[in-house]
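With chain A fixed as given, assemble chain B with the ligands onto it according to the hints.
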Amino acid sequence: MLEIKDLHVKVEDKDILKGINLTVHPGELHAIMGRNGSGKSTLANVIAGQESYEITSGDILYNGTSIISESPEERALAGIFMSFQYPVIIPGVNNTYFLKAALNAIRKHQGKTELDAVEFLKLIRKKLAVVEMDEKYLHRAVNDGFSGGEKKKNEILQMLTLEPALAILDETDSGLDIDALKIVAAGVNNYRRDDRAIVIITHYQRILKYLEADYVHVLINGKIAKSGGENLAEQLEEKGYSWLDN
Amino acid sequence: MKTQNKTIEKVTSQDYQYGFVTDIEQDTIPPGLNEDVIRLISNKKNEPDWLTNWRLKAYNNWLKMNEPDWAKVDYPKIDYQSISYYSAPKDKSDGPKSLDEVDPELVKTYEKLGIPLEEQKMLAGVAVDAVFDSVSVATTFKEDLGKAGVIFSSFSEAVQDYPDLVKKYLGSVVPYTDNYFAALNSAVFSDGSFVYIPKGVRCPMELSTYFRINAMNTGQFERTLIIADEGSHVSYLEGCTAPMRDENQLHAAVVELVAHKDAEIKYSTVQNWYPGNPETGKGGVYNFVTKRGICEGSNSKISWTQVETGSAITWKYPSCILKGDDSVGEFYSVAVANNFQQADTGTKMIHSGKNTRSTIISKGISAGKGQNTYRGQVKIMKNAENARNYSQCDSILIGDQCSAHTFPYIDVRNPSAQMEHEASTSTIGEDQLFYCNQRGISTEDAVSLIVNGFCKEVFRELPMEFAVEAQKLMEVTLEGSVG
Ligand SMILES: Nc1ncnc2c1ncn2[C@@H]1O[C@H](COP(=O)(O)OP(=O)(O)OP(=O)(O)O)[C@@H](O)[C@H]1O
Ligand SMILES: [Mg+2]
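Chains A and B, in that order, are what the protein sequence lines are. Note that the numbering used here numbers the first sequence so that position 102 is 102, with each residue one more than the last. In short: position in the second sequence from 1, add 1000, done, that's the numbering used here.
Just chain A, same shape as in the assembly (with noise of 0.2 Å):
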């Protein structure tokens, strides 16, 4: 589904990635590891298509197709879903006007008919209930005055709501209570099929305990410099990562 071939990616001049390689398959949840810094959110952007940053050599493939020429939004109706590691305030758009827009634009993309405004508020009630959030959140300016908690459980609500293919999850987990943090696992749950795929970037093992990750890679000054099993994570967690340092 999502193959990446010898990554190079600057910013501003500096190199950030520096050859990476990873191939997601259909089905697998992949967990990317790393310290602060070291390129986790520069990859998952590259991949979305943020255009600040400069991919200098390498591809990404998606479906067997190169995207990096694609618009970001070109490749979000082919079904690539970021979830921001910091989640974008849009004062005065309301949430529900605005995830609807969004899936009918991936509707009328894929050819299906557009929800009208009662179709759509019956199939944003069953996601509502999958991350138990109120339906109060519906009606307010999308992620305005939300707490980081409610932002990041957006951000699964409207992954839920998209249904895209290939799901990118930079931090979803970060800065969740624990039930919070139950919460939006059983929204990656909920979301995850044969047919979707799931890379997830996070600090902290105790995510991977709801989830099955089927990989997981360390990625150290701009390349992946290990890739194991859940067992890395666990490893890595109480070794650090100067562990990998060589």
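Worth flagging that the hints you see were computed from the coordinates, not collected in a lab. Note that beta-carbon positions come from the ideal geometry of N, C-alpha and C, so glycine has one too. Some clues are possibly wrong.
[Claimed, not checked] Derived Cβ-Cβ restraints for the label pairs, each shown as a range:
#, chain 1, residue 1, chain 2, residue 2, range
1, A, S69, B, P1204, 57 to 63 Å
2, A, T23, B, K1472, 42 to 48 Å
3, B, P1415, A, A129, 51 to 57 Å
4, B, F1407, A, E74, 42 to 48 Å
5, A, S174, B, R1460, 37 to 43 Å
6, A, S71, B, E1279, 22 to 28 Å
7, A, S174, B, K1472, 41 to 47 Å
8, B, Q1392, A, K226, 55 to 61 Å
9, A, D6, B, Q1392, 50 to 56 Å
10, B, S1424, A, E74, 32 to 38 Å
11, B, Q1392, A, S66, 48 to 54 Å
12, B, K1472, A, N231, 55 to 61 Å
13, A, D13, B, W1070, 43 to 49 Å
14, A, S71, B, D1069, 45 to 51 Å
[To be verified] Residues on chain B that point at chain A, a partial pick, calculated with CB under 10 Å:
#, residue
15, I1396
16, G1429
17, Q1432
18, T1443
19, L1449
Quick look at chain B with the ligands alone, frame taken from chain A:
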């Protein structure tokens, strides 16, 4: 970061879509202004002596005045002697009785604008008084209105048919001594609309006029007068677009509203004149308008709603004088300054009656190199017991080369007044656009989503069909200009 700016640039650099010139022969007098020109205008319109003299007094007053320079707008000096002060379509003499009789070129012009008169007539049930340049060439629905006793006609016709009403109210709200542009308008005004709603009548339809500037170097000096007699109600819609031109076109209109006891006037404007070349700012319309209403009687109400997306320069402060006790004034405004546009707009609420209330909601949108200024005054006079005002001024910036300014002046002379003021400034950032894009929403849709969200308190004040048009206009204005 470079790529970020590019998106914003793309987003704010759209060409004016409604630029074209209609090919209709014009009956135009040579440029220049003096007493003879004013007499000529008055004579061409077959006006009574009192009106000719009124124009001359206004002219002599104007000569003594100076062009105001306090607004935050910047433009080359206007040469008033290079402007032609009168122009009328040639086929005017035998005036059309129905749309079929209207010059097909004109009808085509409206069709290009997406507002064909026929459709207007059939679909919206709106009476249309189309002002083409300076003279009205089409008036419809007159009969229906006539049955209700409503007078809705061109200003020139009103001068002939209802001289007493015109004489009584002309200049009663905006005297020719009021300001430089109002004085000029009073001297040379060409035509406009006249509305009178008799006692207790609820006007059976929205009244609408489409203004259009079309003659090269012909300043437009519209005069509108709306009188709502006791207990009456009227909603008036004004909308306009203009063809692309290289010369700057001066527009100095005057609108006067009079609301008697228990009467209500709702005046809505969607203004989309040529804003100038998007790359150089050249050639746009200068819009210097004086709009003022008086709540003469107790319990009367005047509500201004404006969506200003066009013009190179907008200088406009629709105001309310709240004279009657318990009267209400409202001002809802969306003003866009894109590319090189400069907008200095706002309102004045003058409270002199007891228990008078006013509401001001202003939304300024700046994009490109646009400069947007809100300038408002709330004045509570000594005898205005228990006056209340609520003001909210919000600005949104698209890109980093535009600016927004807010100048609220408050003058309270009665201690019982309750004043509330809120203000905010926000930006449409690349991060917001990326967030929307990442969810599958195009940049253009994202901007209109954000802008419409920002403007919704104002849009919902517009009559239904106008709200849709305003929303579309906003998209067109910022589109590509925002995509
Ligand atoms: N727009 C930018 N301009 C300058 N430097 C940037 C920019 N974006 C990222 N960087 C730099 O790139 C490096 C990688 O950042 P990135 O956000 O990818 O790290 P991360 O692994 O996600 O860190 P964290 O765990 O703290 O979220 C950092 O040193 C960061 O300062
Ligand atoms: Mg990060």
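Comparing the hints with the structure gives:
{"no.": "1", "hint": "A:S69 to B:P1204: 57 to 63 Å", "result": "59 Å, holds"}
{"no.": "2", "hint": "A:T23 to B:K1472: 42 to 48 Å", "result": "47 Å, holds"}
{"no.": "3", "hint": "B:P1415 to A:A129: 51 to 57 Å", "result": "55 Å, holds"}
{"no.": "4", "hint": "B:F1407 to A:E74: 42 to 48 Å", "result": "44 Å, holds"}
{"no.": "5", "hint": "A:S174 to B:R1460: 37 to 43 Å", "result": "39 Å, holds"}
{"no.": "6", "hint": "A:S71 to B:E1279: 22 to 28 Å", "result": "25 Å, holds"}
{"no.": "7", "hint": "A:S174 to B:K1472: 41 to 47 Å", "result": "42 Å, holds"}
{"no.": "8", "hint": "B:Q1392 to A:K226: 55 to 61 Å", "result": "56 Å, holds"}
{"no.": "9", "hint": "A:D6 to B:Q1392: 50 to 56 Å", "result": "54 Å, holds"}
{"no.": "10", "hint": "B:S1424 to A:E74: 32 to 38 Å", "result": "34 Å, holds"}
{"no.": "11", "hint": "B:Q1392 to A:S66: 48 to 54 Å", "result": "49 Å, holds"}
{"no.": "12", "hint": "B:K1472 to A:N231: 55 to 61 Å", "result": "59 Å, holds"}
{"no.": "13", "hint": "A:D13 to B:W1070: 43 to 49 Å", "result": "47 Å, holds"}
{"no.": "14", "hint": "A:S71 to B:D1069: 45 to 51 Å", "result": "46 Å, holds"}
{"no.": "15", "hint": "I1396", "result": "9 Å, holds"}
{"no.": "16", "hint": "G1429", "result": "8 Å, holds"}
{"no.": "17", "hint": "Q1432", "result": "5 Å, holds"}
{"no.": "18", "hint": "T1443", "result": "7 Å, holds"}
{"no.": "19", "hint": "L1449", "result": "6 Å, holds"}
Checked against the numbered hints given earlier, this structure breaks none of them.
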